[in-house]
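Asker: Sequence:
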Amino acid sequence: MQGTRGIAALELLQSVGYDAMTIGNNEMFNGMDTLEHMAAASPFPFISNNLLKKDRTEIKGVVKSTILHKNGLRILVTGSSPDLDVFNDGLGISVLDYTEMTQQEIKRYAGEYDLCILLSHVSTVADEELAQAIPEIDVIISAHDHKLYPQAKIAYGTIMNSAGNFAEHIGFIELEVNGGKVELLKSATHPTGDAAKDAAILEILKTNKAKAIAALGKSLYFLQQPLWHDVIEENPLTNLIADGLRDMMECDIGLINSGIANAGLFQYVSRQKLIEVCPSPLNPTSFEILGKHLKEALTQSLDAQVCLADGRGPGFRGKFVGRLHVSGATVIHDDNRVQEVLVNGEPLDDSRWYKVASSDYLQRGSGYPMLANNRNDVYMAEEIKDVIQLYANKPEFVEQAFIMRTTTEAKALIQKT
Numbered sequence: 017m018q019g020t021r022g023i024a025a026l027e028l029l030q031s032v033g034y035d036a037m038t039i040g041n042n043e044m045f046n047g048m049d050t051l052e053h054m055a056a057a058s059p060f061p062f063i064s065n066n067l068l069k070k071d072r073t074e075i076k077g078v079v080k081s082t083i084l085h086k087n088g089l090r091i092l093v094t095g096s097s098p099d100l101d102v103f104n105d106g107l108g109i110s111v112l113d114y115t116e117m118t119q120q121e122i123k124r125y126a127g128e129y130d131l132c133i134l135l136s137h138v139s140t141v142a143d144e145e146l147a148q149a150i151p152e153i154d155v156i157i158s159a160h161d162h163k164l165y166p167q168a169k170i171a172y173g174t175i176m177n178s179a180g181n182f183a184e185h186i187g188f189i190e191l192e193v194n195g196g197k198v199e200l201l202k203s204a205t206h207p208t209g210d211a212a213k214d215a216a217i218l219e220i221l222k223t224n225k226a227k228a229i230a231a232l233g234k235s236l237y238f239l240q241q242p243l244w245h246d247v248i249e250e251n252p253l254t255n256l257i258a259d260g261l262r263d264m265m266e267c268d269i270g271l272i273n274s275g276i277a278n279a280g281l282f283q284y285v286s287r288q289k290l291i292e293v294c295p296s297p298l299n300p301t302s303f304e305i306l307g308k309h310l311k312e313a314l315t316q317s318l319d320a321q322v323c324l325a326d327g328r329g330p331g332f333r334g335k336f337v338g339r340l341h342v343s344g345a346t347v348i349h350d351d352n353r354v355q356e357v358l359v360n361g362e363p364l365d366d367s368r369w370y371k372v373a374s375s376d377y378l379q380r381g382s383g384y385p386m387l388a389n390n391r392n393d394v395y396m397a398e399e400i401k402d403v404i405q406l407y408a409n410k411p412e413f414v415e416q417a418f419i420m421r422t423t424t425e426a427k428a429l430i431q432k433t
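Residue numbering for the sequence shown follows the numbering used here, beginning at 17 and increasing consecutively.
There is no bait here: all hints are sound.
Listed next, the in silico DSS-like pairs over lysine-lysine satisfying Cα-Cα at most 30 Å (straight line): (1) Lys86 <-> Lys163; (2) Lys371 <-> Lys410; (3) Lys123 <-> Lys80; (4) Lys335 <-> Lys163; (5) Lys335 <-> Lys308; (6) Lys410 <-> Lys335; (7) Lys202 <-> Lys169; (8) Lys169 <-> Lys80; (9) Lys213 <-> Lys202; (10) Lys80 <-> Lys70.
Bear in mind the hints are in silico, worked out from the structure with no lab data behind them.
All chains, full assembly: derive it from the sequences and hints.
Answerer: Below, the structure written as structure tokens:
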């Protein structure tokens, strides 16, 4: 996406015959410039009936609806995008009420279509509510919450289907439209794992990979020393992220899990390396949390099995949860439990609320459920990879990243004496 400004994705979709698409959160995360570039270059319509720029002006190239002509039918296709709430402002977008906007589009095209399809990137739960609220919708194709339906289902007279994620399945529905009535004849959700590889698709991927590497592989700057990484052991790359987050968001403590990164950074930094090292589109996030919950999470982080657990969660593109790393604090432990946490030299107070700079992954309690006990969350539109890019170019932060913050009681005693 980033290496070709979305053009590779358009070529793939066009090659398999897509007629239309709606805009989801990932298209928004790549920025308004990339979204408008994709929409303007797309051979098929980019649809969203409820997405605007921050100033409430229209996004270039994006339409609210389109009418497709297939097999003698006039098919109204409209689409709704998700409200990203606290991220909207930073992403430069404004999101209108999808129910109201869908109703407006159906009213606007009344009498001009035979079949109404809604492409919804809102969620299957919201879509069932839509089916009940707007009976004029004949078919809803759902996305965003990645639900996998074995076959289409009917809710409140509306045909609904959702085919999971990662293109692991393809949803299929066959309809009959007769006399204004739409009937579901059959449906299925086919797995793609055993499908034969398509030569045309492989060629598109090969060509665009070369373009992306050429665009993203250029060196941004050279590193003064290697920033190695480890999932279980404390390491300078994850320390750098924790330090950068704490500085960027002006918090008491920086806190991040080593699973946010897949490898270390060596020799030089490029956008390609940053994407490979930190592929997750997670955002810098601050929140307040009680000292007791923070200590509980740090204790859990001493368990190698917790660090090696599957890190799967919204926005996470890594493999393992990883160990928690801190900035602005020292963690003293006995290999099994945290004995003491010093925050700016003062003992951690179990009953005090601390302001922590982290990621939206940890803020939600992913990997470390006790961290979900927080309040006053604040999000930034940047991604964690942007934190690495900024602070790995600051010599003082690179040097500081090699200062370990987690130690055993015996080592702490030696340091004091």
